[in-house]
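Enquirer: Read top to bottom, the protein sequences are chains A and B. The first sequence: position 310 = 310 (my numbering), numbered continuously. The second sequence: position 131 = 131 (my numbering), numbered continuously.
Just so you know, the hints here were simulated from the structure itself, not pulled from any lab data. These figures come from a predicted structure and were not determined experimentally. By construction, the Cβ of each residue, glycine as well, lies at the ideal position given by its N, Cα and C atoms. Some hints could be false.
As the list claims (entries may be wrong) - Below 20 angstroms or equal to it, Euclidean Cα-Cα: the simulated DMTMM-like pairs (lysine to aspartate or glutamate) are:
| # | chain 1 | residue 1 | chain 2 | residue 2 |
| --- | --- | --- | --- | --- |
| 1 | B | K199 | B | E178 |
| 2 | B | K241 | B | D214 |
| 3 | A | K215 | B | E91 |
| 4 | B | K151 | A | E9 |
| 5 | A | K200 | B | D108 |
| 6 | A | K75 | A | D124 |
| 7 | A | K96 | A | E135 |
| 8 | A | K14 | A | D198 |
| 9 | B | K144 | B | E130 |
| 10 | B | K218 | B | E48 |
| 11 | A | K367 | B | E23 |
| 12 | A | K43 | A | E135 |
| 13 | A | K367 | A | D282 |
| 14 | B | K230 | B | D147 |
| 15 | B | K172 | B | E23 |
| 16 | A | K215 | B | E178 |
| 17 | A | K215 | B | D90 |
| 18 | A | K367 | B | D90 |
| 19 | B | K151 | A | D198 |
| 20 | B | K144 | B | D108 |
| 21 | A | K367 | B | E88 |
| 22 | A | K337 | A | E164 |
| 23 | A | K14 | B | D108 |
| 24 | A | K14 | B | D147 |
To be verified - Every beta carbon over 12 angstroms from chain A, so not counted as near; a handful from chain B, in silico:
| # | residue |
| --- | --- |
| 25 | R18 |
| 26 | P19 |
| 27 | F34 |
| 28 | D39 |
| 29 | T68 |
| 30 | Q101 |
| 31 | T110 |
| 32 | A139 |
| 33 | D141 |
| 34 | T143 |
| 35 | D255 |
| 36 | Q262 |
| 37 | L268 |
| 38 | G280 |
| 39 | G304 |
Okay, here's what each chain looks like letter by letter:
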Amino acid sequence: MNRMYAIIEREMRKFFRSPTLMIMSLMLPILQLIIIGNAFGGKIVGTHVAVVDHDHGPQALKVREAFDAIAVNIKTFTTVDYGNEVQAREDVRTGKIDAAVIIPEQYSRRVYTDNAPKLGFVVDNSDLFTSASLEGEMQSLVDALNDPTVKDRLDKAIALEIVELYPYVNYLKYLLPMTVALAMYISVMIGGGMLYIDDKARGVHEGYLVTPITKLELVFGLNIAGAIKATLSGLSIGIIGSLIAGLGVVFHPMIMLQMFCLIVAGSIAFNGMMFLLMVRVDDPLVPRAMFGVLNVLLLYPSGAMYPTVSFPKWMQAMSVIDPFTYAIHGFKSILLKDGGWIAIRFDLAFLTIFGIATLLIATPLFKRTL
Amino acid sequence: MSAAPNLGQAINGGCDDRPIAIEVQHIVKRYGDFEAVKDVNFCVHDGEIFGLLGPNGAGKSTLIRMMTTLIPVTAGKAIVGGHNVAKEPDEVRRMIGVIPQALTSDQDLTVGENLLIYAKLYGVPRGIREKSIADVLEAVDLTKWRDAQTKTLSGGMRRRLEIARGLVHNPKIFFLDEPTTGLDPVSRIAVWEMLNNLKTTRHLTMLITTHYMDEADKLCDRIAIVDHGKLVALGTPVELKNSVAGANVVEVHFDRETEEWQGRLEALEGVTSVQPESSGFYRVITKSGSKTTMQIVELAASLGESLTSLSVQNTTLDDVFIHYTGRQLRDEQVKPVFTMPPRPGAQP
Numbered sequence: 001m002n003r004m005y006a007i008i009e010r011e012m013r014k015f016f017r018s019p020t021l022m023i024m025s026l027m028l029p030i031l032q033l034i035i036i037g038n039a040f041g042g043k044i045v046g047t048h049v050a051v052v053d054h055d056h057g058p059q060a061l062k063v064r065e066a067f068d069a070i071a072v073n074i075k076t077f078t079t080v081d082y083g084n085e086v087q088a089r090e091d092v093r094t095g096k097i098d099a100a101v102i103i104p105e106q107y108s109r110r111v112y113t114d115n116a117p118k119l120g121f122v123v124d125n126s127d128l129f130t131s132a133s134l135e136g137e138m139q140s141l142v143d144a145l146n147d148p149t150v151k152d153r154l155d156k157a158i159a160l161e162i163v164e165l166y167p168y169v170n171y172l173k174y175l176l177p178m179t180v181a182l183a184m185y186i187s188v189m190i191g192g193g194m195l196y197i198d199d200k201a202r203g204v205h206e207g208y209l210v211t212p213i214t215k216l217e218l219v220f221g222l223n224i225a226g227a228i229k230a231t232l233s234g235l236s237i238g239i240i241g242s243l244i245a246g247l248g249v250v251f252h253p254m255i256m257l258q259m260f261c262l263i264v265a266g267s268i269a270f271n272g273m274m275f276l277l278m279v280r281v282d283d284p285l286v287p288r289a290m291f292g293v294l295n296v297l298l299l300y301p302s303g304a305m306y307p308t309v310s311f312p313k314w315m316q317a318m319s320v321i322d323p324f325t326y327a328i329h330g331f332k333s334i335l336l337k338d339g340g341w342i343a344i345r346f347d348l349a350f351l352t353i354f355g356i357a358t359l360l361i362a363t364p365l366f367k368r369t370l
Numbered sequence: 001m002s003a004a005p006n007l008g009q010a011i012n013g014g015c016d017d018r019p020i021a022i023e024v025q026h027i028v029k030r031y032g033d034f035e036a037v038k039d040v041n042f043c044v045h046d047g048e049i050f051g052l053l054g055p056n057g058a059g060k061s062t063l064i065r066m067m068t069t070l071i072p073v074t075a076g077k078a079i080v081g082g083h084n085v086a087k088e089p090d091e092v093r094r095m096i097g098v099i100p101q102a103l104t105s106d107q108d109l110t111v112g113e114n115l116l117i118y119a120k121l122y123g124v125p126r127g128i129r130e131k132s133i134a135d136v137l138e139a140v141d142l143t144k145w146r147d148a149q150t151k152t153l154s155g156g157m158r159r160r161l162e163i164a165r166g167l168v169h170n171p172k173i174f175f176l177d178e179p180t181t182g183l184d185p186v187s188r189i190a191v192w193e194m195l196n197n198l199k200t201t202r203h204l205t206m207l208i209t210t211h212y213m214d215e216a217d218k219l220c221d222r223i224a225i226v227d228h229g230k231l232v233a234l235g236t237p238v239e240l241k242n243s244v245a246g247a248n249v250v251e252v253h254f255d256r257e258t259e260e261w262q263g264r265l266e267a268l269e270g271v272t273s274v275q276p277e278s279s280g281f282y283r284v285i286t287k288s289g290s291k292t293t294m295q296i297v298e299l300a301a302s303l304g305e306s307l308t309s310l311s312v313q314n315t316t317l318d319d320v321f322i323h324y325t326g327r328q329l330r331d332e333q334v335k336p337v338f339t340m341p342p343r344p345g346a347q348p
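Take the sequences, apply the hints, and build the full model.
Expert: The structure is reproduced here in structure tokens:
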């Protein structure tokens, strides 16, 4: 056992002695949280919409007043008057403006006579996010215009009342579980993958192999050290990320304990998986080449950014055996839903069993000789 | 001594009645169809420094790796410190210290931390760990560098640290794979002196592989020359030099090259072989350097030719090496292995 502790001691001393590894394993997830969280989570504001008014009647004025209300309040877009419909379409095409509203001739008359009044809306649908946001805003505006001026005393329309179980979850908070899992993955990828193979190539392992250390002591020493490093990364990002995303729940003692258990189980699973993948690799280029591939293969099918139910069957099958799926599900259950032990017990069990299973497979593959 | 008795000694491995530290019997290592080590026998006696010499790819490192339990033996037997490397590898590991070819100490750790980790890996008891580390640091003259980070040490100091690392558990047998490769001449001499001191003060048996003939000559009590995976000669440096026919080497450079020089030189009295080196330049192995020198001068004068240079040398291990292996350099025949480039700022 003392020899196993010697391996752990060596790995941890190196880890704390090398700030580059620590910083890099924390930097990428934090940057991803801040940049992707703000880039994808924000609302569309400040776009420009052309208004081509062929009607100039009172109902057209009502539409324009509604536009002004949007420009002042939620600021999704401001309007620019165009006299020429063709020019407005061309400017949408060239990106000078983001959309164009066409108020046709006789629009007011058709509204008063209930004769199928229509507003034209030209959008650049190559930009999915902006066009979807503008279409949504325009649909709300049209719904408001269709509302009767005098409402019935008893509401006859069916209404949907939405009950949100949890406080508002912005995109930063939504991404935090992925960020914690990613920090652990990067830690095992660098600490358990790249450095492990680099040590092999530099002959450090040759030095171990001529000592009386047993195969099990060596395997467990390397894996426990890797899991400790991943746990430290996960905990650091869990706390820093919660502060950035404004999630105070992480400081609740029970949530902290649940997070710690999940991070430890996740670290064992990630490290076991990495050890299994690297156990017979000698070329230091291999883990570097695999870094991006594994990231895509493991992170995206896990439901970190999009729900797994929207995936095709083959991707759903991948997500079932992907430890990221369970780590992220567990973190979401704790951080966003306060789901307690019941919500994470299956995730904990899967990650622990996965970690043990990968180690059991990798240990016989580990060569005690060169 | 002629070549034949030494080859005979090589075949039986030079074992005699003295206590034996390492005994290699008919050892073979195969990689698929390729036989890297072919039926090698030798004994290393207690307290001696034994050198393994050979060109690149000759099988030296494979031999040392089998003896240090790093790679399995295909056939035959290696007994190290009385234990069979195949059957009792842990017993062997406890008895040996190994200095690999590459500098493998952790650069991010201090000198003391490197030794502490290895003391734990070798199972040095906690009570004597500190003393063992202090002793080996003293032995390799690194005591004042104990708290220095390894990456700040020079190449020679790092090699001394590697030696200290291999000694921290007080082994009886010490394996060094090319211990001075990459060191400057001053550092090499310092390492030689250190190894000689260690041999005396710690009563160590050492097995060294090296490319440097002068190193083998100065350091080793006995030398085995390995080529193509076979032991081709074994003996003390003096015995090996005497085994090469011709006691002297005359190097002669004629002003003008003709096709007849080789034949004329071979015909001189006492000359055993002539090796053409370049245009007009020959290495003449002879039993009497002074007599052959005179004859060459007379030969040139009689033919009206002039000499650019003429020198006489005693037989060196280089001559022995070339005699037994046929050439000085050889392309390595090893499977490609990725080698990490040195870290920025690292010592060579």
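Enquirer: A separate judgement is required for each hint: does it hold in the structure or not?
Expert: Okay, the hints, checked on the actual structure:
1. B:K199 - B:E178: holds, 17 angstroms
2. B:K241 - B:D214: holds, 13 angstroms
3. A:K215 - B:E91: Since the Cα atoms of K215 (chain A) and E91 (chain B) sit roughly 15 angstroms apart, the hinted pair holds (cutoff 20 angstroms).
4. B:K151 - A:E9: holds, 19 angstroms
5. A:K200 - B:D108: holds, 16 angstroms
6. A:K75 - A:D124: holds, 19 angstroms
7. A:K96 - A:E135: holds, 18 angstroms
8. A:K14 - A:D198: holds, 13 angstroms
9. B:K144 - B:E130: holds, 15 angstroms
10. B:K218 - B:E48: holds, 13 angstroms
11. A:K367 - B:E23: violated, 26 angstroms
12. A:K43 - A:E135: Distance ~14 angstroms between K43 (chain A) and E135 (chain A) Cα, so the pair holds.
13. A:K367 - A:D282: holds, 12 angstroms
14. B:K230 - B:D147: Outside the cut-off at roughly 45 angstroms; violated.
15. B:K172 - B:E23: Given that 20 angstroms is the threshold and the Cα spacing comes to 15 angstroms, the pair holds.
16. A:K215 - B:E178: Distance ~27 angstroms between K215 (chain A) and E178 (chain B) Cα, so the pair is violated.
17. A:K215 - B:D90: Holds, at roughly 11 angstroms.
18. A:K367 - B:D90: Distance ~15 angstroms between K367 (chain A) and D90 (chain B) Cα, so the pair holds.
19. B:K151 - A:D198: holds, 16 angstroms
20. B:K144 - B:D108: Given that 20 angstroms is the threshold and the Cα spacing comes to 18 angstroms, the pair holds.
21. A:K367 - B:E88: holds, 17 angstroms
22. A:K337 - A:E164: holds, 11 angstroms
23. A:K14 - B:D108: It holds: about 6 angstroms lies between the C-alpha atoms, which stays within 20 angstroms.
24. A:K14 - B:D147: Given that 20 angstroms is the threshold and the Cα spacing comes to 15 angstroms, the pair holds.
25. R18: holds, 26 angstroms
26. P19: holds, 23 angstroms
27. F34: The claim holds: F34 (chain B) sits with its nearest Cβ about 16 angstroms from chain A, beyond 12 angstroms.
28. D39: holds, 21 angstroms
29. T68: About 5 angstroms separates T68 (chain B) from the closest Cβ of chain A, which leaves it inside 12 angstroms; violated.
30. Q101: Answer for Q101 (chain B): violated, closest chain A Cβ roughly 8 angstroms.
31. T110: violated, 9 angstroms
32. A139: holds, 19 angstroms
33. D141: holds, 22 angstroms
34. T143: holds, 21 angstroms
35. D255: holds, 51 angstroms
36. Q262: holds, 46 angstroms
37. L268: Its Cβ never comes within 12 angstroms of chain A, the nearest being 51 angstroms, so this holds.
38. G280: holds, 46 angstroms
39. G304: holds, 60 angstroms
In this structure, the earlier hints numbered 11, 14, 16, 29, 30, 31 are contradicted, and the remaining ones agree with it.
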